[in-house]
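Line by line, the protein sequences give chains A and B.
In this text, residue positions in the first sequence follow our numbering: the first is 1, and each later residue adds one.
In this text, residue positions in the second sequence follow our numbering: the first is 1001, and each later residue adds one.
Calculated from the structure, these hints are not laboratory results.
All residues carry an ideal CB built from backbone N, CA and C; glycine is no exception.
One thing to keep in mind: the hints can contain errors.
What the hints assert, rightly or not - Reference listing, derived: stretches of chain A covered by chain B, where coverage requires no fewer than 3 residues with Cβ under 8 angstroms from a Cβ of chain B:
#, segment
1, 43-49
2, 71-85
3, 91-97
To be verified - For lysine-lysine, the following BS3-like pairs were computed, each having C-alpha atoms within a straight-line distance of at most 27 angstroms:
#, chain 1, residue 1, chain 2, residue 2
4, B, Lys1134, B, Lys1032
5, B, Lys1042, B, Lys1134
6, A, Lys89, B, Lys1042
7, A, Lys89, B, Lys1039
8, B, Lys1069, B, Lys1134
9, B, Lys1032, B, Lys1042
What follows is the residue order along each chain.
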Amino acid sequence: MPAIDLHAAALVAVIAAVTILLRFAPFVVFGGGRPTPRYILYLARVLPCAIMAMLVVYCLRGADPLGPTHALPELLAGTAVVLLQLWRKNTLLSIAAGTALYMVLVQMVFA
Amino acid sequence: MYGTRTSLWSKARNSCRVPGRCAIMRLHFTQKGVQKIVKTAKYAFVRSLPVMAGYLVLGLGFGVLLQSKGYGLGWALAMSLLIYAGSMQYVGVDLLAGGASLIAAALMTLTVNARHLFYGISMVERYRNAGPAKPYMIFALTDETYSLVCSGEVPDGVDRNRYFFLVSLFNQAYWVAGSAAGALVGGLLPFDSTGIDFSMTALFLVVMTEQWRASRDHTPALVGLGVSLVCLLVFGADGFLIPAMVGITLVLTLLRGTLQPREKEEDAHAGH
Chain A
1 MPAIDLHAAA LVAVIAAVTI LLRFAPFVVF GGGRPTPRYI LYLARVLPCA IMAMLVVYCL
61 RGADPLGPTH ALPELLAGTA VVLLQLWRKN TLLSIAAGTA LYMVLVQMVF A
Chain B
1001 MYGTRTSLWS KARNSCRVPG RCAIMRLHFT QKGVQKIVKT AKYAFVRSLP VMAGYLVLGL
1061 GFGVLLQSKG YGLGWALAMS LLIYAGSMQY VGVDLLAGGA SLIAAALMTL TVNARHLFYG
1121 ISMVERYRNA GPAKPYMIFA LTDETYSLVC SGEVPDGVDR NRYFFLVSLF NQAYWVAGSA
1181 AGALVGGLLP FDSTGIDFSM TALFLVVMTE QWRASRDHTP ALVGLGVSLV CLLVFGADGF
1241 LIPAMVGITL VLTLLRGTLQ PREKEEDAHA GH
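Can you make the complete structure from the sequences, with help from the hints?
Structure, rendered in structure tokens:
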């Protein structure tokens, strides 16, 4: 058991180290006294919107339109989140209602 | 009283050689500064509320999952304090439980967390003079914290750097509290939590919706969506993330000539 725990501790350390490395790298490379290159400034401007769209796809990557539920829980709850946000502009409400709807759909409707 | 304050102030000023530090110390010694700190803290707290909900729930889920694999409170605290990366910590539970090799864990972390390179690149300018807490702010730049600080706009009377720092700190506090609670209650949850992980999807959808409303040119968002979907179809659910990131960067680089002039118009508009 102690041997397993040591390995687990090493795993946690490796995951933490690689994550920290990734987070600090841009600041070390581009954070010096010199002004940031124009290309990087351009990427900084356009990337956030593109990344957020990518993360949404990442979150929904497991949804299979050809599977047993035809990805309907994801589609319905996701649409509800976007429409609620456009209508009420209340982040907390959109997330809570969308998640509750999704839970009802996967637990009761499409179970 | 006044004398004490003055001597403290001049002591602070004399002992200080770094301009950024001076500004932070000066805040402590003036009433106006205290008001500004309170206002900044309140603003940071309100802005962090949606993340609080998400992080308490997702943290709880993480703690429960970790505990179910035989790793209790200490492990949950260590991971949430040292790694502090939501989706990677979920993946980490699998790695721990399966006794993965250190190399596999490093590669998996590189894949899942490579997107943080992009967050960093877009925050280099905004965090350039972020003060003494900058290393912590870089460490704590999660998806959700990034979604709060990436707009960079704060109202009058709010200290921008302090706001960035406090939002980062509050968010990690929620995450640590949630995962600790999850590890403690374990499988005692009184309801079926299947599907609760959709809250992360919902959060990203909300941020994307807000970005869509705030921007005039939707090309970047559409590029992100399109390239990701194509890569998902080509490379499958487990391997699409890295190709998607490379593809998005390439396409946006190729579009630089057409996207940049329109940005300048937006700048002129915003400046007005």
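Consistency of the hints with the structure:
no., hint, in the structure
1, 43-49, "holds (count 7)"
2, 71-85, "holds (count 7)"
3, 91-97, "holds (count 5)"
4, B:Lys1134 / B:Lys1032, "holds (24 angstroms)"
5, B:Lys1042 / B:Lys1134, "holds (21 angstroms)"
6, A:Lys89 / B:Lys1042, "holds (20 angstroms)"
7, A:Lys89 / B:Lys1039, "holds (23 angstroms)"
8, B:Lys1069 / B:Lys1134, "violated (35 angstroms)"
9, B:Lys1032 / B:Lys1042, "holds (15 angstroms)"
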